[in-house]
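Work out the full structure, taking the sequences as your base and the hints as a guide.
These protein sequence lines are chains B and H, in that order. To convert, count from 1 in the first sequence and add 312; that's the working numbering. To convert, count from 1 in the second sequence and add 5; that's the working numbering.
If you are wondering where the hints come from, they were derived from the structure by calculation, not from laboratory data. It is possible that part of the hints are untrue.
Claimed, not checked - Not the full set, but computed from the structure, chain H residues with beta-carbon under 8 Å of chain B:
hint: 1; residue: Arg132
hint: 2; residue: Ser133
hint: 3; residue: Leu135
hint: 4; residue: Leu294
hint: 5; residue: Val387
hint: 6; residue: Tyr414
Here a beta-carbon is modelled for each residue, glycine too, at the ideal position from N, C-alpha and C.
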Amino acid sequence: MGRLSRAGALVGACALGATLLVASPAMAAGPVRLGSAPAVPDGAHIVAAQGRWVTPGIIDIHSHLGVYASPATKGLDDGNEATSPNTANVWAEHSVWPQDPGFETALEGGVTTLQILPGSANLIGGRSVVVKNVAAVTYQAMKFPGAAYGLKMACGENPKRVYGEKNQAPSTRMGNVAGYRQAFADAQDYVQQWDKYRHDLADYQKKKTAAAGGAKKAKDKDAGEDKDLTAPIPPKRDLKLETLAEVLHGNIRVHMHCYRSDEMATMLDVADEFGFKIVAFHHAVEAYKIADLLAQKGVCAAMWADWWGFKMEAFDGIQENLPMVDYPDRSCAIVHSDSEDGIQRLNQEAAKAMAHGARVGLIVPPERAIRWLTLNPAKSLGLEDRIGTLQPGKAADLVIWNGNPFSVYALAEQVFIDGALRFDRDHPQVKPRSDFLLGQPGVGAPL
Amino acid sequence: MKALFLISAGACAALTAQPALAQDFVIRGATVHTATAQGTLKNTDVLVRGGVIAAIGAAARGAAAATVVEAQGKELTPGLFGGLTDLGLEEVSAESQSVDSTLNLKSPAWGQQWRPEFEVSQAFNPRSTLVPVARIEGITWSVLAPASGDAIIGGQGAAVTLDGRFDAVLRGSGSLFVAMGSTGAALAGGTRAAEFMLLDQAIREARAQGPIGEGALLHGAGREVMARYLSGGRVVFQVDRAADILGVVGFARRNGMKAVIAGGSEAWVVAKELAQADVPVILDPLKDLPSDFDHLGASLDNAARLQRAGVRIAFSSGDSHNARLTRQLAGNAVAHGLPWESALAAITANPADIFGLGATRGRIAVGQVADLVLWNADPLEVSTLADQVWIAGRPVEMRSRQTELRDRYLDKVKTHQAF
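Dropping the structure here:
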């Protein structure tokens with residue numbers, strides 16, 4: 313199959329011998345079969361991709377690049393504000409070190425968009441940030457324009473261990489749930505305070521306008537002064553509650569670290585109680601046990617191919633998790649990394665899961681499996697209209713592979729982000745290099 | 006497109022019914038990756054008698070055997086090496102009562118007791134849930150490597166076969182494990198220079214006669230064990246920085262130890278010296294990030310460079326729960342310049358040689374123990390699965406706790422039952 317002449321586009325269908333027209337920074341035309349190719353404008357740069365595979369840029373929704381950077385020194389250990397079980401006030405972007413060399417190795421693996429999250433020590437860890445994998449000196453230059461913030465929350469063992477060891481709440485799973493519920497109850501109160509303030513303010517402004525109008529008519533009275541009319545005082549901004557209020561308003565998307573199926577079901581109830589939505593469970597090692605429920609609720613599950621057993625809540629991991637979660641209608645299975653190593657090979661993670669699915673009759677063709685790393689993560693980020701497939705109008709985030717990307721031997725040859733070539737395996741000068749690695753012993757001459 | 010994903014259900018069903026009676030059998034018409042100088046033999050028969058490979062090729066053709074396995078061209082490899090792991094020494098990493106891999110006497114740095122006599126394989130549990138999980142994916146043996154607790158000497162470990170027998174330790178594979186570099190430094194008063202200072206002290210004690218003085222690192226048993234390693238014993242040094250690797254190579258030579266480098270992130274920098282000293286390297290070829298200041302030269306080319314320089318290499322991720330992924334390490338090394346046959350050797354013949362087992366394990370050759378894996382495609386490819394595994398000539402029951410979980414929930418998924 314690799315011998316076919318192919319500039320394939322994996323959109324939900326495979327296109328053989330297709331042409332893809334990119335009008336930087338977006339795609340002008342989707343992949344079109346030869347014979348009905350889009351008119352290529354004069355002077356267009358032509359990338360010959362005969363015999364190779366083209367996929368949308370890979371999206372990893374669970375990364376700690378920049379917040380747990382390499383080298384893993386104390387000075388760069390910025391991923392967990394493990395000082396309180398609720399740190400909804402912290403924002404991952406304020407910890408991101410853009411010089412983390414992990415960004416460039418992830419790029420070599422075809423990763424073009426990633427969500428960087430705070431760690432999972434806390435029940436509510438803080439805001440995530442969605443970035444494009446472009447080398448930059450500041451995180452602001454990496455941020456995905458217009459992407460919504462996420463909120464990192466965590467189930468299970470980590471919060472109860474971290475705080476239980478400090479002899480404070482939570483030290484149990486029931487303590488965890490009490491913690492989430494109280495936080496959102498407080499947020500509801502905060503929303504009400506602000507709603508009341510806005511209502512009072514509008515009321516005040518209306519009265520003031522009316523009073524001013526009345527004063528114009530009755531010129532002999534003092535100019536619009538009304539001793540009973542005072543401006544309402546806004547509630548003090550509380551950065552924790554502000555973030556949670558945005559969750560309740562649907563403007564911040566909840567990404568929740570949750571291994572066990574029963575805990576995921578608990579959290580769906582909590583979300584219903586307070587009227588917010590969890591967009592994805594991350595590390596959902598037991599998602600296969602509730603594949604139906606997740607699909608019904610429209611919640612994504614972000615999974616590893618085969619991690620298991622490193623803690624009790626990961627003991628039931630199986631290699632068919634992805635294809636089993638993918639199986640129901642309206643499912644949303646995602647491959648994620650949570651690792652500076654794994655993020656370099658998300659395509660291989662998908663390939664392993666495909667193979668184990670196929671063995672038990674869950675056959676996932678490549679044009680569907682690629683969604684685990686592209687369209688489905690884009691959906692969980694609310695960016696499915698902008699990235700995740702090769703379609704006209706979407707950002708031109710593309711990877712050209714030297715072979716079937718679901719092979720251990722495949723390497724990304726070229727990676728484009730917003731139509732710009734960001735990595736070229738044959739041209740080392742087109743490769744970001746972290747400031748940290750400059751002048752270091754490095755990796756010597758090429759083989 | 007779907008042709009790639011056709012399942013070959015035939016071969017395995019027939020073989021998985023019965024666990025475990027060693028019987029003579031012939032695997033007919035396999036693509037045999039021997040991991041020997043013979044390389045790959047197409048359409049070849051392999052005869053197994055009494056748990057040992059009795060004949061290969063023409064000599065096996067037509068041999069009388071009770072059972073015939075039709076390989077139909079599928080690929081056969083030696084059983085794979087799981088790496089330096091805690092297989093059978095732990096169940097759940099974060100649950101300390103289920104972990105036996107590390108001796109930690111909680112001594113302060115100034116009052117250290119070294120226990121080279123600690124032998125971690127005595128804690129091996131062949132009935133661990135991890136063992137079948139690894140075994141059904143072709144991992145037939147592994148080396149139990151004690152981690153360092155509060156002393157740079159972690160103790161001794163050994164290779165074990167993973168067929169479930171209680172008496173699993175493979176003779177001649179015993180090794181001493183020592184943590185160097187920044188890991189060791191943290192256990193040696195804060196500087197890697199003190200690693201050599203303390204090792205020198207322990208060696209002096211091991212060579213000394215007479216009573217054990219105050220402040221000694223070693224007890225009597227420790228002296229005896231240490232002394233054994235000073236006459237050609239195998240010592241596995243966990244070390245990554247190039248300068249530290251050279252330091253270890255010289256130290257081992259001066260003290261009569263047979264050094265093995267584990268980690269070796271920057272080994273490619275000193276590849277020539279390693280080849281000259283005939284010191285092998287057990288590495289994770291996927292390590293390419295400067296994860297600390299011992300790994301600044303980490304590179305995906307490490308394996309290929311070492312191989313070209315003539316260094317014997319083996320692969321280990323150190324991950325016990327996912328020991329099954331050593332194949333993925335090998336496949337990626339191929340993508341980054343290592344010849345395919347060398348990558349296979351790095352998870353079969355080479356580790357067997359490194360741990361003194363090469364005469365009986367690691368290759369498909371007459372006289373070798375019949376640890377074999379029949380794959381449904383290229384064994385180094387991530388989408389390939391094992392159809393059948395044999396250890397010492399016995400077919401492995403291709404089930405694990407994970408396949409049980411899968412089967413319990415699979416029908417519910419397929420039939421859209423309510424959960």
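Which constraints among the numbered hints does this structure fail? Numbers only, ascending.
1, 2
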